[in-house]
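With the hints as your guide, set chain B onto chain A.
Number of protein chains: 2
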Amino acid sequence: MPRYDDNISISVIRRLPRYLRFLEALKNNGVIKISSKELAARMGLTASQIRQDLNCFGEFGQQGYGYNVPTLYDEIKKILGLNHAFKTIMIGAGNLGRAVAMHLYFEGKGFDLIGIFDKNKELEGEKLNGIEIMLDDKIEQFCKEHSPEAAVLCVPNEAAEMLCSKLVSYGIKGFWNFSHYDITVAHPDAVVENVHLGDGLMTLCYKLSEQQNS
Amino acid sequence: MPRYDDNISISVIRRLPRYLRFLEALKNNGVIKISSKELAARMGLTASQIRQDLNCFGEFGQQGYGYNVPTLYDEIKKILGLNHAFKTIMIGAGNLGRAVAMHLYFEGKGFDLIGIFDKNKELEGEKLNGIEIMLDDKIEQFCKEHSPEAAVLCVPNEAAEMLCSKLVSYGIKGFWNFSHYDITVAHPDAVVENVHLGDGLMTLCYKLSEQQNS
Numbered sequence: 001m002p003r004y005d006d007n008i009s010i011s012v013i014r015r016l017p018r019y020l021r022f023l024e025a026l027k028n029n030g031v032i033k034i035s036s037k038e039l040a041a042r043m044g045l046t047a048s049q050i051r052q053d054l055n056c057f058g059e060f061g062q063q064g065y066g067y068n069v070p071t072l073y074d075e076i077k078k079i080l081g082l083n084h085a086f087k088t089i090m091i092g093a094g095n096l097g098r099a100v101a102m103h104l105y106f107e108g109k110g111f112d113l114i115g116i117f118d119k120n121k122e123l124e125g126e127k128l129n130g131i132e133i134m135l136d137d138k139i140e141q142f143c144k145e146h147s148p149e150a151a152v153l154c155v156p157n158e159a160a161e162m163l164c165s166k167l168v169s170y171g172i173k174g175f176w177n178f179s180h181y182d183i184t185v186a187h188p189d190a191v192v193e194n195v196h197l198g199d200g201l202m203t204l205c206y207k208l209s210e211q212q213n214s
Numbered sequence: 001m002p003r004y005d006d007n008i009s010i011s012v013i014r015r016l017p018r019y020l021r022f023l024e025a026l027k028n029n030g031v032i033k034i035s036s037k038e039l040a041a042r043m044g045l046t047a048s049q050i051r052q053d054l055n056c057f058g059e060f061g062q063q064g065y066g067y068n069v070p071t072l073y074d075e076i077k078k079i080l081g082l083n084h085a086f087k088t089i090m091i092g093a094g095n096l097g098r099a100v101a102m103h104l105y106f107e108g109k110g111f112d113l114i115g116i117f118d119k120n121k122e123l124e125g126e127k128l129n130g131i132e133i134m135l136d137d138k139i140e141q142f143c144k145e146h147s148p149e150a151a152v153l154c155v156p157n158e159a160a161e162m163l164c165s166k167l168v169s170y171g172i173k174g175f176w177n178f179s180h181y182d183i184t185v186a187h188p189d190a191v192v193e194n195v196h197l198g199d200g201l202m203t204l205c206y207k208l209s210e211q212q213n214s
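So the protein sequences, as listed, match chains A and B. Counted from 1, the first sequence has number 68 at position 68 by the numbering used here; the numbering is strictly sequential. Counted from 1, the second sequence has number 131 at position 131 by the numbering used here; the numbering is strictly sequential.
Hint data in this document are derived by calculation from the structure and do not stem from the laboratory. Take these hints with a grain of salt, some might be off.
When chains are identical, the list treats them as one kind, so a pair holds in a single copy or across two.
[What the hints assert, rightly or not] As a list, the in silico BS3-like pairs of lysine-lysine whose alpha-carbon atoms are at most 30 Å apart:
| no. | residue 1 | residue 2 |
| --- | --- | --- |
| 1 | K77 | K37 |
| 2 | K87 | K121 |
| 3 | K33 | K121 |
| 4 | K138 | K127 |
| 5 | K87 | K166 |
| 6 | K207 | K87 |
| 7 | K173 | K119 |
| 8 | K207 | K78 |
| 9 | K166 | K37 |
| 10 | K173 | K207 |
| 11 | K144 | K173 |
| 12 | K87 | K33 |
| 13 | K27 | K173 |
| 14 | K121 | K78 |
Chain A extracted, bound-state conformation (with noise of 0.2 Å):
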């Protein structure tokens, strides 16, 4: 693994999905080499932004030269750490749990998602996206035998607490937390990642707001 300067900040780092979109979409285009005012141009950005981004990493432009968009692209993934494949379990699966687990892509993310659960028994021995669905009393005896490192939470709010207790004792480090159960309260230590969808439609009822106003 390459060093990088330890002290990334997070924002930084919540940012290079971003690039990593548009630089897959300018790889699968065949372009080899971009420069930063053309990437920020794309991107709505300034170029120096995306120099301040960038240079957090080490130097990947050249004077003169540019971005080279493959291996800037393989540098991100690695920073982000995406060449792992984190063992993951998901909880919850109603039209939630559904849509993340047939529409989102773990693999390419740095996780794989090796079982889902739920309460419901009507589900049991459904597959999705070939998973098959097993019921939530068997999340124990899973754990033991496949030791999942991370969990997405997609229950609500009141299932959410006592469940983490129990994830965290079974070993589960990292939670991408769909319901709003604020995680790290009890367990301080636990790698936790939370979806709140509704605050975009707040920001958006904003824009929507200034809009209208200006």
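Then chain B, alone, in the frame of chain A:
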């Protein structure tokens, strides 16, 4: 409408929904006032970050008193424009559309979901949260009759491009976009909030990789 600093950065705006969640919980627990220090501890921020964020909007807190919880809550809602009820349609009633329609409370977030459309004839007439799914060839007529201002796009990339052009021509101004199609390239005046669920997964991967390496 109260007047605020016109130069509020969008990154501050994006943090406001999180304040709102914490303030709502406090309000529901009957808490009337809170110091920036105490609010910071609950939110995992520093008191100075909180004062900086909230100072953009004028002086809500009083030195030595702290913030009045119900007042601050109401003010943030006003700032975000959540008193609006922008008429909204959703396109795509697959797993993702279903999850969004069933689990999100649009009305508290500035929007009023009034129509759901899908191209799948088998879904026609089914109700999600009391709203009937219509065939997507009804969108134009529906827009003429009801003049919705916002659209939630829960369709694949391939469908999004043509759909957006139509929706803009029908008067849609704001998009909550779950597809990865970049709406603003062809429609620079559209107000767009993109949801890239996979980005959070990559951030989680980074955090887990970091923990493993430390």
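The hints, checked one at a time:
Only within a single protomer do K77 and K37 lie at most 30 Å apart by alpha-carbon distance; the minimum there is 22 Å, versus 38 Å between protomers. Taking CA atoms no more than 30 Å apart as the test, K87 paired with K121 passes inside one copy only; the shortest distance there is 24 Å, against 38 Å between copies. Taking the shortest alpha-carbon separations for K33 and K121, neither the intra-copy value of 53 Å nor the inter-copy value of 46 Å comes in at or below 30 Å. Taking the closest pair of Cα atoms, K138 and K127 come within 30 Å of each other only inside a single copy of the chain (16 Å); across copies the shortest separation is 33 Å, beyond that limit.
Proximity of K87 and K166 under a CA criterion of 30 Å is satisfied intra-copy only: 17 Å inside one chain copy versus 42 Å between copies. When the C-alpha separation of K207 and K87 is checked against a cutoff of 30 Å, the pair qualifies only between copies, where the shortest distance is 15 Å, while the shortest distance within a copy is 39 Å. In the homo-oligomer, the alpha carbons of K173 and K119 lie at most 30 Å apart inside one protomer (22 Å), although the nearest pairing across protomers, at 41 Å, exceeds that limit. Taking identical chains as interchangeable, the C-alpha atoms of K207 and K78 lie at most 30 Å apart only when they sit on different chains, with a minimum of 13 Å there against 35 Å within one chain.
Within a single copy, K166 and K37 get their C-alpha atoms no closer than 50 Å, and across copies no closer than 32 Å, so neither meets the 30 Å cut-off. Proximity of K173 to K207 under the C-alpha cut-off of 30 Å is restricted to the inter-copy arrangement: shortest distance 10 Å between copies versus 37 Å within a copy. Taking CA atoms no more than 30 Å apart as the test, K144 paired with K173 passes inside one copy only; the shortest distance there is 14 Å, against 51 Å between copies. Taking identical chains as interchangeable, the C-alpha atoms of K87 and K33 are never at most 30 Å apart, the minima being 35 Å within one chain and 44 Å between chains.
Taking identical chains as interchangeable, the C-alpha atoms of K27 and K173 are never at most 30 Å apart, the minima being 34 Å within one chain and 32 Å between chains. Taking the shortest alpha-carbon separations for K121 and K78, neither the intra-copy value of 40 Å nor the inter-copy value of 44 Å comes in at or below 30 Å.
Checked against the numbered hints above, the structure violates hints 3, 9, 12, 13 and 14; every other hint is satisfied.
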